[in-house]
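**Student:** Full structure from sequences and hints, please.
There are 2 protein chains.
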Amino acid sequence: MAVPRPLDDLEAVLAETTQAVESVLEALLPLPNGPEARVVDAMRHATFAGGKRLRPFLVVACADLFDVPRAQSLRAAAAIEMVHTYSLIHDDLPAMDDDDLRRGQPTVHVMFDEATAILAGDALLTRGFETLADPDISSDPNVRADLVLALARAAGAQGMVGGQMIDLMTEGTSLNVGQITRLQQLKTGALIGFACEAGAILGQARLRERHALMAYAHDLGLAFQIVDDLLDVEGSTAALGKRAGKDEGRGKATFVSLLGISGARQKAGILANQAVGHLDMFGIKAGLLRALASFVTTRRS
Amino acid sequence: MAVPRPLDDLEAVLAETTQAVESVLEALLPLPNGPEARVVDAMRHATFAGGKRLRPFLVVACADLFDVPRAQSLRAAAAIEMVHTYSLIHDDLPAMDDDDLRRGQPTVHVMFDEATAILAGDALLTRGFETLADPDISSDPNVRADLVLALARAAGAQGMVGGQMIDLMTEGTSLNVGQITRLQQLKTGALIGFACEAGAILGQARLRERHALMAYAHDLGLAFQIVDDLLDVEGSTAALGKRAGKDEGRGKATFVSLLGISGARQKAGILANQAVGHLDMFGIKAGLLRALASFVTTRRS
Chain V
1 MAVPRPLDDL EAVLAETTQA VESVLEALLP LPNGPEARVV DAMRHATFAG GKRLRPFLVV
61 ACADLFDVPR AQSLRAAAAI EMVHTYSLIH DDLPAMDDDD LRRGQPTVHV MFDEATAILA
121 GDALLTRGFE TLADPDISSD PNVRADLVLA LARAAGAQGM VGGQMIDLMT EGTSLNVGQI
181 TRLQQLKTGA LIGFACEAGA ILGQARLRER HALMAYAHDL GLAFQIVDDL LDVEGSTAAL
241 GKRAGKDEGR GKATFVSLLG ISGARQKAGI LANQAVGHLD MFGIKAGLLR ALASFVTTRR
301 S
Chain C
1 MAVPRPLDDL EAVLAETTQA VESVLEALLP LPNGPEARVV DAMRHATFAG GKRLRPFLVV
61 ACADLFDVPR AQSLRAAAAI EMVHTYSLIH DDLPAMDDDD LRRGQPTVHV MFDEATAILA
121 GDALLTRGFE TLADPDISSD PNVRADLVLA LARAAGAQGM VGGQMIDLMT EGTSLNVGQI
181 TRLQQLKTGA LIGFACEAGA ILGQARLRER HALMAYAHDL GLAFQIVDDL LDVEGSTAAL
241 GKRAGKDEGR GKATFVSLLG ISGARQKAGI LANQAVGHLD MFGIKAGLLR ALASFVTTRR
301 S
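Protein chains in written order, with my numbering: chain V, 1 to 301; chain C, 1 to 301.
Since the hints were derived computationally from the structure, they do not count as laboratory data.
A portion of the hints provided could be inaccurate.
One copy or any two copies: either way a pair holds, since identical chains are not told apart in the list.
Unchecked claim - Straight-line Cα separation of at most 25 Å, SDA-like style, residue types lysine to any residue; simulated pairs:
(1) 252 with 34
(2) 252 with 45
(3) 52 with 101
(4) 252 with 112
(5) 285 with 28
(6) 252 with 228
(7) 285 with 45
(8) 52 with 176
(9) 52 with 26
(10) 267 with 174
(11) 285 with 37
(12) 252 with 35
(13) 252 with 9
(14) 252 with 37
(15) 252 with 113
(16) 267 with 101
(17) 285 with 258
(18) 252 with 176
(19) 252 with 33
(20) 267 with 16
(21) 252 with 139
**Tutor:** As structure tokens, then:
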């Protein structure tokens, strides 16, 4: 059973989860022989370039609430990280956001080439689904099919891809707070929501528990995004590992441009509190998830 | 139960399956409201641009061997066609094969733009997995998880994506027949194999039946590809609905450049016979699959 830990342990647990999920990713992405190795090389470059591993942590912390064995939750965590990484590779392409730096490393199309980057993203998405459907993740086929279905809903045209489409379509136009909220809920919130949902599915949680964790994730995800916007304005490229100031340079409306720095900071705090409010039914076991909500609003990178 | 039909009915059944799968695709790809509609619009443009619907036919014909209800097999057929269409959209991108014409229509990046084409491909792949994991396809979760797993294996870095990577990596180099065979087995054979496998999975076929249908599909798929190469040399752009002569223009080794026209035609015939040989255990019920093998080697477009 998951032992509740003091809140100041959060960074240690984040580091521990990161290491554990990277071991699983390592095992799930072996380099093949032959010329097709190039695409796996590119998948690995993007996957092992670092990153906060927020989504893997959420899967594991939510699954821990239901005493799911780590061998299972870490596989789901790896699958989500693959899907998140695919979205970054494709978003960074010249035809999309045209970014040359990600997680402090050259992006895949810079390090390899555009064709390889497109294929590496495609293959990571596919491998994510494969990992969730594989009997190694759970002996219960209902759990496996449910994980796949929930991921597909979160990642597709009515989730993450739809959010990216809106983002591209509305560049240079003036969105209001409601429109940006919807954009972010699709573009990043849906997959963060699935991270918590996956923990609940693995734990065969009751529906009200599953919904509570997804509500927590949606509020947390939005708070996370607002802090990202704040860091983009305030931070340096070196600390972020990606280009700072890029939203402003591109004329993108963000929570910060609409609410101002202090207004945005306040909204992030309200959302983090709201997120924590959804955890009441889990009592003391949800300590890490509560600590994460504080961490997200105070992070510096 | 599936009624065996005279072989000359094949084209009628192909047309009938095409119409039926297009109705299912129509229902699975509704246009949403909001700016994200653009990506669904692009998905629909590519999906409804025509095409031979070979893979849907294979799913349905194989599932018919086990008396699977058409409502189920047509959903699997639609899922595969979505995944096939995603691969075409991405392969046609400027960074890949840079094709402006497909199925007689402007390709998605020409009709829309590159970013939308990348996202439309991503969303079609995702929607394909979603369709296979949805309880509407089968009440048995083992069937759903098995379909997802088999598709992911066929479509990923060790299947279709790996084949496309090899194709790009080896452009301008001289491959031998063995190397081209492996390339095609990954690039097109894996998904054609999954079409037949999906029918077997839905029908809860015995393992030797599943393997026999996959062996049929692999031989048929290779014969299909060789005929494609022949048509590329002999055909006109108007009849093909895509640019003719493009392999030669690009210096790509094909079965035709290695074996000559008559050698390639002979090889296609041998493979088609070999494909039919795998169907013996299904007796008279496999009439349509046998007819398809003849059709594939004699088609003119």
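**Student:** Each hint should be assessed against the structure and marked as holding or not.
**Tutor:** Each hint, compared with the structure:
no.: 1; hint: 252 with 34; in the structure: between (43 Å within a copy, 18 Å between copies)
no.: 2; hint: 252 with 45; in the structure: neither (29 Å within a copy, 29 Å between copies)
no.: 3; hint: 52 with 101; in the structure: within (16 Å within a copy, 42 Å between copies)
no.: 4; hint: 252 with 112; in the structure: between (29 Å within a copy, 22 Å between copies)
no.: 5; hint: 285 with 28; in the structure: neither (30 Å within a copy, 41 Å between copies)
no.: 6; hint: 252 with 228; in the structure: within (14 Å within a copy, 47 Å between copies)
no.: 7; hint: 285 with 45; in the structure: neither (36 Å within a copy, 49 Å between copies)
no.: 8; hint: 52 with 176; in the structure: neither (29 Å within a copy, 46 Å between copies)
no.: 9; hint: 52 with 26; in the structure: within (17 Å within a copy, 40 Å between copies)
no.: 10; hint: 267 with 174; in the structure: within (20 Å within a copy, 61 Å between copies)
no.: 11; hint: 285 with 37; in the structure: neither (43 Å within a copy, 42 Å between copies)
no.: 12; hint: 252 with 35; in the structure: between (40 Å within a copy, 16 Å between copies)
no.: 13; hint: 252 with 9; in the structure: neither (37 Å within a copy, 58 Å between copies)
no.: 14; hint: 252 with 37; in the structure: between (38 Å within a copy, 21 Å between copies)
no.: 15; hint: 252 with 113; in the structure: between (27 Å within a copy, 20 Å between copies)
no.: 16; hint: 267 with 101; in the structure: neither (29 Å within a copy, 49 Å between copies)
no.: 17; hint: 285 with 258; in the structure: neither (37 Å within a copy, 66 Å between copies)
no.: 18; hint: 252 with 176; in the structure: within (12 Å within a copy, 52 Å between copies)
no.: 19; hint: 252 with 33; in the structure: between (44 Å within a copy, 22 Å between copies)
no.: 20; hint: 267 with 16; in the structure: neither (30 Å within a copy, 56 Å between copies)
no.: 21; hint: 252 with 139; in the structure: neither (46 Å within a copy, 46 Å between copies)
Consistency with the previously given hints fails for numbers 2, 5, 7, 8, 11, 13, 16, 17, 20 and 21, ordered from lowest to highest.
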